[in-house]
Structure formats: structure tokens, C-alpha cells
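Note that the protein sequences, when read in sequence, are chains A and B.
The opening position of the first sequence corresponds to residue 1 in full-length UniProt numbering, with each subsequent residue numbered one higher.
The opening position of the second sequence corresponds to residue 1 in full-length UniProt numbering, with each subsequent residue numbered one higher.
No wet-lab data here; the hints were simulated from the structure.
One should not assume that every hint holds.
Stated by the list, open to error - Okay, derived cross-link-like pairs now, DMTMM-like style, lysine to aspartate or glutamate, Cα gap no bigger than 20 angstroms in a straight line: (1) 459(B) x 53(A); (2) 427(B) x 438(A); (3) 486(B) x 50(A); (4) 52(B) x 328(B); (5) 88(A) x 470(B); (6) 471(A) x 42(B).
As the list claims (entries may be wrong) - Taking beta-carbon pairs under 7 angstroms as the criterion, some of the chain B residues facing chain A (in silico): (7) 182; (8) 197; (9) 256.
Ideal placement from N, C-alpha and C gives every residue a C-beta, glycine not left out.
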Amino acid sequence: MESEEMKKPVFDQEAGSLLVKELRANFAAGKTRSYDWRVAQLKGMIKMMEDHEPEILTALRDDLSKPELESSIYEIALLKNSCVLALKELKQWMMPEKAKTSLTTFPSSAETVSEPLGVVLIISAWNFPFLLSLDPVVGAIAAGNAIVLKPSEIAPATSSLLVRLVGQYLDSSCIRVVEGAVPETSALLDQKWDKILYTGNGRIGRIVMAAAAKHLTPVVLELGGKCPVIVDSGINLRVTARRIIMGKWGCNNGQACISPDYIITTKDYTPKLVDALKHELEQFYGKNPLESKDLSRIVNSNHFARLSKLLDDDKVSGKIVHGGARDKTNLKIAPTILLDVPRDSLIMNEEIFGPLLPIITVDKVEDSFNVINSSGTKPLAAYLFSNNKKLKEQFVVTVSAGGLVVNDTAVHLAVHSLPFGGVGESGMGAYHGKFSFDTFSHKKAVLYRSFAGDAPLRYPPYTSKKIRLMKAFLGGSIVGIIRALLG
Amino acid sequence: METISDLEKQLGGMREFYLKGKTKEASWRIAQLKGLRNFLREKEEDIFEALKKDLRKHPVEAYRDELGILIKSLNLALNDLKKWMSSKTAKLPIIALLSSAEIIPEPLGLVLIISSWNFPLGLSLDPLIGAIAAGNAVVLKPSELAPACAALLAANIPNYLDSKAVKVIQGGPAVGEQLLQQKWDKIFFTGSTRVGRIIMLAATKHLTPVTLELGGKCPLVLDSLSWSLDKEVAVNRILFAKFGCCAGQACIAIDYLLAEKQFSSTLVNLLKAMVKKMFGENPKESCSISRIVNKDNFLRLKKLLDDPLVKASIVHGGQMDEDNLFIEPTILLDPPLESELMTEEIFGPLLPIITLEKIEDSIDFINSRPKPLALYAFTKNKTLQRRMITETSSGSVIFNDAIIQFAVDTLPFGGIGESGIGKYHGKFSFDTFSHYKSVARRSFLTDFWFRFPPWNNSKLLLLDSAYNYDYFGVVLVILGLKRSRKGFNIN
Numbered sequence: 001m002e003s004e005e006m007k008k009p010v011f012d013q014e015a016g017s018l019l020v021k022e023l024r025a026n027f028a029a030g031k032t033r034s035y036d037w038r039v040a041q042l043k044g045m046i047k048m049m050e051d052h053e054p055e056i057l058t059a060l061r062d063d064l065s066k067p068e069l070e071s072s073i074y075e076i077a078l079l080k081n082s083c084v085l086a087l088k089e090l091k092q093w094m095m096p097e098k099a100k101t102s103l104t105t106f107p108s109s110a111e112t113v114s115e116p117l118g119v120v121l122i123i124s125a126w127n128f129p130f131l132l133s134l135d136p137v138v139g140a141i142a143a144g145n146a147i148v149l150k151p152s153e154i155a156p157a158t159s160s161l162l163v164r165l166v167g168q169y170l171d172s173s174c175i176r177v178v179e180g181a182v183p184e185t186s187a188l189l190d191q192k193w194d195k196i197l198y199t200g201n202g203r204i205g206r207i208v209m210a211a212a213a214k215h216l217t218p219v220v221l222e223l224g225g226k227c228p229v230i231v232d233s234g235i236n237l238r239v240t241a242r243r244i245i246m247g248k249w250g251c252n253n254g255q256a257c258i259s260p261d262y263i264i265t266t267k268d269y270t271p272k273l274v275d276a277l278k279h280e281l282e283q284f285y286g287k288n289p290l291e292s293k294d295l296s297r298i299v300n301s302n303h304f305a306r307l308s309k310l311l312d313d314d315k316v317s318g319k320i321v322h323g324g325a326r327d328k329t330n331l332k333i334a335p336t337i338l339l340d341v342p343r344d345s346l347i348m349n350e351e352i353f354g355p356l357l358p359i360i361t362v363d364k365v366e367d368s369f370n371v372i373n374s375s376g377t378k379p380l381a382a383y384l385f386s387n388n389k390k391l392k393e394q395f396v397v398t399v400s401a402g403g404l405v406v407n408d409t410a411v412h413l414a415v416h417s418l419p420f421g422g423v424g425e426s427g428m429g430a431y432h433g434k435f436s437f438d439t440f441s442h443k444k445a446v447l448y449r450s451f452a453g454d455a456p457l458r459y460p461p462y463t464s465k466k467i468r469l470m471k472a473f474l475g476g477s478i479v480g481i482i483r484a485l486l487g
Numbered sequence: 001m002e003t004i005s006d007l008e009k010q011l012g013g014m015r016e017f018y019l020k021g022k023t024k025e026a027s028w029r030i031a032q033l034k035g036l037r038n039f040l041r042e043k044e045e046d047i048f049e050a051l052k053k054d055l056r057k058h059p060v061e062a063y064r065d066e067l068g069i070l071i072k073s074l075n076l077a078l079n080d081l082k083k084w085m086s087s088k089t090a091k092l093p094i095i096a097l098l099s100s101a102e103i104i105p106e107p108l109g110l111v112l113i114i115s116s117w118n119f120p121l122g123l124s125l126d127p128l129i130g131a132i133a134a135g136n137a138v139v140l141k142p143s144e145l146a147p148a149c150a151a152l153l154a155a156n157i158p159n160y161l162d163s164k165a166v167k168v169i170q171g172g173p174a175v176g177e178q179l180l181q182q183k184w185d186k187i188f189f190t191g192s193t194r195v196g197r198i199i200m201l202a203a204t205k206h207l208t209p210v211t212l213e214l215g216g217k218c219p220l221v222l223d224s225l226s227w228s229l230d231k232e233v234a235v236n237r238i239l240f241a242k243f244g245c246c247a248g249q250a251c252i253a254i255d256y257l258l259a260e261k262q263f264s265s266t267l268v269n270l271l272k273a274m275v276k277k278m279f280g281e282n283p284k285e286s287c288s289i290s291r292i293v294n295k296d297n298f299l300r301l302k303k304l305l306d307d308p309l310v311k312a313s314i315v316h317g318g319q320m321d322e323d324n325l326f327i328e329p330t331i332l333l334d335p336p337l338e339s340e341l342m343t344e345e346i347f348g349p350l351l352p353i354i355t356l357e358k359i360e361d362s363i364d365f366i367n368s369r370p371k372p373l374a375l376y377a378f379t380k381n382k383t384l385q386r387r388m389i390t391e392t393s394s395g396s397v398i399f400n401d402a403i404i405q406f407a408v409d410t411l412p413f414g415g416i417g418e419s420g421i422g423k424y425h426g427k428f429s430f431d432t433f434s435h436y437k438s439v440a441r442r443s444f445l446t447d448f449w450f451r452f453p454p455w456n457n458s459k460l461l462l463l464d465s466a467y468n469y470d471y472f473g474v475v476l477v478i479l480g481l482k483r484s485r486k487g488f489n490i491n
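Please build the complete structure, drawing on both the sequences and the hints.
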């Protein structure tokens with residue numbers, strides 16, 4: 001039989017169905033349930049990172065021109081932390097939780113038992129392709145599930161590295177990586193999963209949820225939005241500027257779901273803020289930021305074109321106060337600040353996801369809350385820089401977002417004791433730390449009753465005395481019960 | 001029926017009111033919960049009347065399963081509200097990049113609750129309690145198949161609760177569809193698996209999170225019990241849970257029994273004897289059995305028994321009265337497993353017994369079917385208990401009783417797989433209608449220079465040590481005693 005080249009088998013519906021069937025059988029056989037299996041996988045993941053750090057850094061440089069330090073710390077170190085935490089706490093997480101029971105069901109005892117959901121699907125994004133693929137996997141493993149991971153095809157070097165490393169270091173009978181784009185993802189979404197965790201944008205998030213609805217599969221959607229930064233006056237401007245820059249350009253050059261998207265500040269304070277930002281930007285990235293090795297590039301030409309369009313919008317030309325330089329060949333855009341862009345411009349109506357930072361001005365800083373709330377959508381994160389106690393309190397109470405940070409940006413995602421997730425358009429569900437374990441578990445209620453203590457008042461035939469007694473029992477007070485018994 | 005634009009105007013008004021912030025205040029929530037409690041106390045007669053009209057529910061059953069449960073929920077919410085509303089501090093490592101971190105519950109916004117007809121009051125108001133406690137504005141659509149209760153709620157809720165933030169909208173599937181087109185911050189649905197899928201699909205339009213309390217076939221595994229007293233108690237509990245709770249029309253009703261072959265004839269005799277005791281010689285005369293809710297459901301149940309092989313397996317009961325929508329407690333022994341009776345959720349007073357060689361075979365039997373809302377197991381065998389918990393999956397597992405888990409508000413109540421998504425009861429109700437927002441605060445004073453570019457190796461080492469909580473390592477790097485790390489180094 002002649003064939004010119006070996007065609008790679010297409011991952012289609014049938015392949016998807018076979019994959020899920022195989023994993024389900026292995027899950028049903030109990031392979032993923034034991035504490036030892038989960039520990040072995042987590043340790044395997046740590047070893048994978050220790051043995052292959054240079055290759056991971058290279059893949060991230062290939063895919064995103066990500067500075068090695070960002071990769072080392074924000075992708076690898078954060079992931080390693082997740083594994084270490086899970087290893088430390090797993091025994092405790094796996095233990096049943098006792099629940100108090102009352103007189104109503106006396107005698108009885110109750111507990112909540114965590115059990116794995118089964119076979120779960122994790123679809124990750126391209127901007128932190130290593131972390132956003134494997135961090136959810138850590139939670140799914142800790143909870144005892146079988147897993148299929150579909151990394152983003154927009155970060156192809158990392159995607160194929162994941163196939164190789166996961167195949168080498170983790171148990172392939174229960175954890176698999178499937179590469180591909182739309183056809184492969186659709187084939188996966190057609191299957192019945194016990195949970196789907198998707199990181200990405202709202203448009204695809206809806207497609208994932210609709211596919212999940214067919215099988216009543218619960219979902220976690222980690223989406224995005226426009227994360228606002230309110231800057232008050234009377235703050236340490238240098239530190240503020242540095243922290244804004246780190247959250248924006250120091251985080252994959254603005255291509256992060258929790259990057260500050262735009263700033264809101266008072267008209268009076270704007271010149272000072274812009275100066276401070278300009279100054280610190282030069283300190284960090286030099287006079288020629290297009291040549292700095294410490295900035296990620298724009299991921300691909302599609303996004304480059306998208307961001308260019310935002311800058312070329314008639315409404316914002318003339319609003320650039322810093323930067324604006326572009327290098328199409330190398331897919332680089334310099335850190336760019338725009339001032340007083342109109343609210344109906346393109347740049348203010350979609351998530352920027354790039355190195356452009358518009359500043360909106362208001363008369364009083366308190367007006368910023370209206371700006372945020374009138375956008376009609378709740379962002380993944382919102383930030384405030386202020387020393388004013390009342391303003392800070394108002395911020396926390398009025399602004400609804402996945403998470404809030406006062407006097408910094410982005411850092412909350414490194415804190416494992418905080419749930420990380422959105423609300424409304426920015427997503428549903430949360431993970432990180434124990435929340436990852438919980439999100440991939442079913443908390444099964446277990447009630448033990450004894451045969452003794454059977455109250456005939458529960459059963460027909462019903463009498464008015466029984467109704468009095470029942471009221472007393474449901475009320476739970478001993479006095480009430482005695483009264484009812486005595487008639 | 002209202003037009004779409006009327007509905008949108010109403011909802012717009014509710015959202016505007018919500019955005020003003022009133023529903024977030026503890027005092028507002030407490031006033032609403034107290035108002036609800038007053039309604040239940042003052043209108044008790046009307047409530048019993050409505051439940052009798054819709055389902056011929058006996059007042060004792062109505063109190064036990066609906067009214068009493070609601071009062072309990074309200075008392076709990078009123079008692080614990082401040083605690084539920086308070087923020088929780090989140091633990092931070094010593095090298096806190098943050099000075100403080102907490103998790104704060106906040107309401108989701110404008111939520112929709114769609115309830116079912118079998119516990120029309122309880123399933124409408126119990127989620128409502130959670131939604132209000134969490135500070136939301138709420139639209140409640142009670143089931144049109146329990147019209148007296150729906151009308152009662154529509155008439156009274158505006159008098160006891162703040163109608164700017166809590167509304168009852170009556171109607172059937174058409175109204176339901178209209179409601180599903182709108183934007184909600186949460187949808188809470190109790191009903192069938194089929195409609196659950198429709199709801200979740202509709203919710204994707206606005207990325208609305210959902211809690212779906214669905215159904216399924218809840219099996220009861222009955223092990224051989226040696227003590228005759230235990231046997232009696234077991235049978236009493238089974239009969240009450242099947243026939244004495246809305247005539248088996250409950251999501252957590254026992255759908256079918258699994259028992260060992262050798263035990264089956266004793267079991268059948270015991271069941272027959274106890275049924276007579278509980279419901280009398282002529283169960284139709286006893287006021288202790290609810291009726292079937294409507295003709296559609298009656299005919300559905302009749303059809304299940306029309307199957308000749310199923311009919312042949314009836315060992316007790318089978319009498320039906322179409323005019324009064326009454327079906328007497330019916331017990332069947334080993335009907336065919338492929339019959340509709342054994343593949344669809346029964347939701348009625350028909351109790352099949354399936355016999356097995358060994359009771360342990362029940363595990364495979366259960367696992368080869370969709371995950372149920374509740375799994376019941378009557379056994380004193382600790383090994384079997386442990387196997388039931390670890391080798392099967394269900395919303396919940398209850399040993400030696402049935403239905404009663406509904407009354408334990410420290411346990412989450414919800415399904416898994418086709419039996420549902422999410423949970424409620426007790427504090428879980430508050431949680432399901434809340435968004436838990438992370439709040440992190442930092443001081444300007446602690447600024448780590450190594451967080452910022454331009455990057456060099458010492459900054460990398462410091463970050464590496466910091467993220468690994470290796471404080472000693474941090475010191476070494478600062479002192480210049482550590483200059484490289486395992487793995488990548490910046491030259």
C-alpha cells in the first residue's frame with residue numbers, strides 16, 4: 001500500500017469518545033482514588049519542572065518571547081507552590097468533615113465526604129500556557145480525578161512540550177494531553193465530562209457552557225474583562241507607578257486576564273501620574289522598550305492587528321501621551337499610555353489584552369465607582385491606590401469583581417488562601433489552593449441513622465397530637481417537646 | 001399575561017432598586033425574613049388549604065415536609081445571618097506580599113427561582129430564604145401545576161415582603177421561556193432533568209451560574225436485618241418515605257428497593273402488613289395519602305402499570321381511581337429491568353422490589369445507572385456501609401432512613417451528574433446565592449525592589465527564594481553568599 005506521508009490521525013468525535021471511555025474505565029477501576037497515586041502524580045510534576053526548566057523557558061520564549069524571569073517565577077514557581085501546598089495538605093483535604101446534627105434527627109451522625117467527580121476536561125489559555133494548563137491539573141489530581149488537558153494551540157511550543165512531559169512524568173492511563181484547535185476542541189466538548197474547567201474569553205466560554213449543558217456537566221469558567229485601576233491622590237506615587245507597571249507590562253506585556261486594563265484618576269492628578277509612569281517605565285525597560293528583553297511580545301499577528309486597530313481608531317489618535325511605537329516584524333508594541341479616550345472608543349469597549357493603557361479622568365475620585373459600575377459587566381479584578389480609609393471602604397463595598405486589591409495589582413493570584421475566579425461576565429467558579437481541590441470534588445452528604453429512637457409520630461395515621469409534637473421536634477427545643485408530650 | 005416589554009420594565013425597576021444598595025443592608029434582609037415568618041404563621045390555615053387543594057396533602061404532612069422546614073430555615077437564617085455576612089480572614093505566609101487578605105460574601109444581584117409542584121411552598125420559599133439572606137433581589141416563579149399555592153404566594157408575598165425587590169410571577173412554560181430570555185445573576189431551578197438542560201442552555205446567553213435540583217431514581221438497598229424490631233422500623237421508614245411523602249412524588253422518594261432473593265418473601269409480607277396498618281384496609285378512605293397532582297401524571301403512572309409483564313409482577317395494590325386521581329400504595333416484585341417503570345423516574349406510589357443473589361451486587365447495579373440524588377442503604381454491616389460510600393456516587397448517602405436528610409440543614413442538599421448541579425439548605429443556601437469576593441490589601445511601605453525589572457540574577461534568586469518561602473535563602477542572597485540557583489540563571 002503506497003502513501004506519500006504518514007498522516008497524523010485526526011482527533012475526531014470517535015477518538016474523543018474512545019478516549020473518554022478508556023479514562024472512565026480506568027477511573028472506575030479506582031486507579032486515581034488512592035492517596036499514594038495522587039501524591040505520586042504531584043511529586044512527578046515537581047520533578048518534571050526541576051528536570052526540564054530550561055526547556056520550559058525556551059518553549060515560553062518561542063511562544064511569547066516571555067522573559068525568563070517571568071516564566072521562572074510566574075509560571076514555574078507558582079505551579080511548584082501549588083504542588084507543594086497540595087502535597088502538604090492533601091491528607092487533611094481528603095478527610096470527611098463532620099456535620100452537626102440536631103434533635104430533629106436524633107439519634108444520628110452526619111458528615112460530608114469528598115469524592116472525585118470522575119473524568120474532567122481542562123482547557124487552558126495561551127498567555128500563561130504552562131501555568132494555566134497544569135495549575136488546574138494539580139487540583140484535579142489532588143481530588144482524585146482522571147484528566148484530559150487541552151492546551152492552547154496559540155502557544156504551540158508549550159503545547160507539544162506538555163504532551164511530551166506529561167506523557168513522561170504522569171500516569172498516562174489516567175492523565176492525557178490532547179493537542180489541537182477548533183475541530184479537536186469540538187470533538188472533546190461533544191463528550192460527557194464530569195466537570196470542565198475553561199480559561200479564556202467569554203465568547204468561547206459560552207460555547208463551552210452550552211456544550212456542557214447537554215450533559216449537565218458543571219463548569220468553571222475563568223474569563224476576563226476590563227480590570228480598572230482607580231488612582232487617588234495623596235499616595236506614594238513612585239511605588240504606585242511601579243506596581244501598576246508590573247501588573248500591566250510585567251505580566252506578559254498586558255496579555256493577562258488580571259492586567260490593569262485602564263486607569264481612572266482625577267483630572268488634577270493625571271499629569272503627576274503620567275510623569276511617574278513615564279519615569280518608571282524608562283527605569284524598567286530603557287529608552288527603547290521595543291528592544292528590551294524584559295517584555296513579552298504580542299503573541300501573534302492576529303492580536304497584533306487587533307491591537308493596532310485599537311490604536312488606529314480615529315477617536316483615540318492624538319490621545320497617545322507615551323509610547324505608540326510598533327514593530328510588526330517582531331510583533332512588538334511599546335508600552336503605550338493614552339489620555340482621555342472617549343468612552344465609546346473601541347479601546348474602551350473590549351478587553352485590551354495588550355500593552356496599551358488608557359487613562360480616563362473624572363472630577364472627583366468618588367466618581368470612578370460610577371464609571372466602573374455603569375459598564376454593566378463585572379471585571380475579574382479591580383484595583384485601587386489610595387490612603388483614604390473611607391474611599392478604600394467604599395471601594396470594597398461598592399465594586400463587584402472577582403477579586404479586589406488595594407494598593408497593588410495582580411498579586412492576589414499568588415495567595416493560595418484566596419479563591420481565584422470571576423463573577424458575571426468575568427466567569428463562574430473559583431480555584432487555587434484548597435479551592436482547586438473543592439472545585440474538582442463532589443461533597444457527598446452522608447447521614448447515619450440508628451434503628452433505635454423511631455418516633456411513631458412521623459407516620460400515618462396522622463392526628464392533631466402528632467402535629468403538635470412534630471412542631472415541637474422541628475423547633476428543636478426540649479421544653480417545647482416536653483410540653484407537647486404532656487399535651 | 002404580561003408582554004415582554006412589561007416584564008423587562010419590571011425587571012429593570014428591580015435591578016435599579018438593587019443597585020441602590022438597600023438589599024445589601026442586614027436590617028433589610030432581617031425584615032424580609034421576619035416578614036416571611038409572619039406570613040407562614042399568620043396564614044397557616046390558608047397554606048394548609050392550598051396544599052390540600054393542589055395535592056390533597058394532609059396538614060401533618062404539610063407541616064412536616066413544608067411549613068415546619070421553612071420555619072426552621074427562617075430561624076436558622078435569622079440567627080446566623082450576621083455570621084454568614086461577615087468576611088473571613090485568609091491566611092497569609094510570613095513573607096506576605098500582602099498585609100491582609102479576606103474573603104467577603106456579596107449578593108449576586110437579581111436572581112430567578114423556579115420551583116416545582118410537589119412541595120410547592122417549600123421548594124419556592126426555601127431557596128427564597130437563601131436568596132434574601134444573601135442580599136439579592138428575587139423573582140420567584142412557582143409551578144403552575146400547583147395553582148392554589150402559586151396564587152396564594154402571588155397574593156401574599158407582596159404584603160409581607162418588599163415588592164420592589166421580591167416578586168412572584170405566575171405562569172406556565174410560556175412565561176418560563178420569557179423569563180429565561182432575560183438577564184439574571186443566578187438561576188435556581190427545581191424540577192426534571194429534561195427541563196434542567198433547557199435552563200442551563202438558556203443560562204449560557206448571559207453566562208448565568210445555575211443551581212439545578214433535579215431528580216433520578218433513588219435506590220434503597222435493603223440488607224437482611226436479623227432483629228425483628230429493626231425489620232419493623234426499616235419497613236415503617238420505607239413505607240413512609242415512599243407512600244407517606246406526597247405519594248412518592250418527591251425527588252428524594254425511594255424509587256425502588258434492592259434486596260436479596262432469600263429475603264424477598266419475608267419482605268413482601270412485612271410490607272403488606274405494615275401498609276395496612278399505616279393506611280388502613282381501604283387506603284382511599286385514609287386522608288394520609290396525597291393524590292397524584294394531575295391527569296397527565298396519573299395517566300403516565302397508569303401507563304407504567306399497563307405493561308403486561310409489569311402488571312404481572314404486582315404483589316400488592318394496583319387500584320386506581322382516575323376521577324379522584326388516586327393510586328393506592330402498590331408493590332411489585334421483580335418487574336422487567338427494561339420496562340419504563342425501571343428506566344424512568346417513577347415519581348408516584350409504585351414500589352418495585354428488585355432481587356439480587358447477594359446484597360453486594362447492588363453496587364454494580366447502582367453504578368450501571370445514572371447517579372441518583374440520594375442513595376439509601378439499610379444495613380448494620382460496617383463493611384457494606386463503607387463500600388456504599390466509596391464505591392458509588394450520589395448526591396447524598398443515607399443509612400437506615402430515608403427522606404429525613406432534607407431536614408438536616410448542616411448537610412448540603414443537591415445532586416451530581418444528572419441529578420443536579422450545586423446545593424443548598426442551611427448556610428449552603430446563603431452560599432449558593434453569594435459571590436465570595438477576594439480582597440487583598442498592601443501597604444506602600446513594604447516594597448520589594450526585586451519585583452521590578454530590569455532583571456538580573458540576584459533578583460531572580462530573591463524571587464525564587466521568596467516564592468518558595470525560603471527566608472534563609474533570601475538572607476543568603478542579600479548577603480551575597482548565594483549567587484546561583486539550581487536550574488536557570490541569568491548571565
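Evaluation of the provided hints:
1. 459(B) x 53(A): Roughly 18 angstroms between the alpha carbons, so the hint for residue 459(B) and residue 53(A) holds.
2. 427(B) x 438(A): 17 angstroms, holds
3. 486(B) x 50(A): Within the cut-off at roughly 8 angstroms; holds.
4. 52(B) x 328(B): Holds - the C-alpha atoms of residue 328(B) and residue 52(B) are around 18 angstroms apart, at most 20 angstroms.
5. 88(A) x 470(B): 16 angstroms, holds
6. 471(A) x 42(B): 15 angstroms, holds
7. 182: 14 angstroms, violated
8. 197: Status holds, d = 6 angstroms.
9. 256: 20 angstroms, violated
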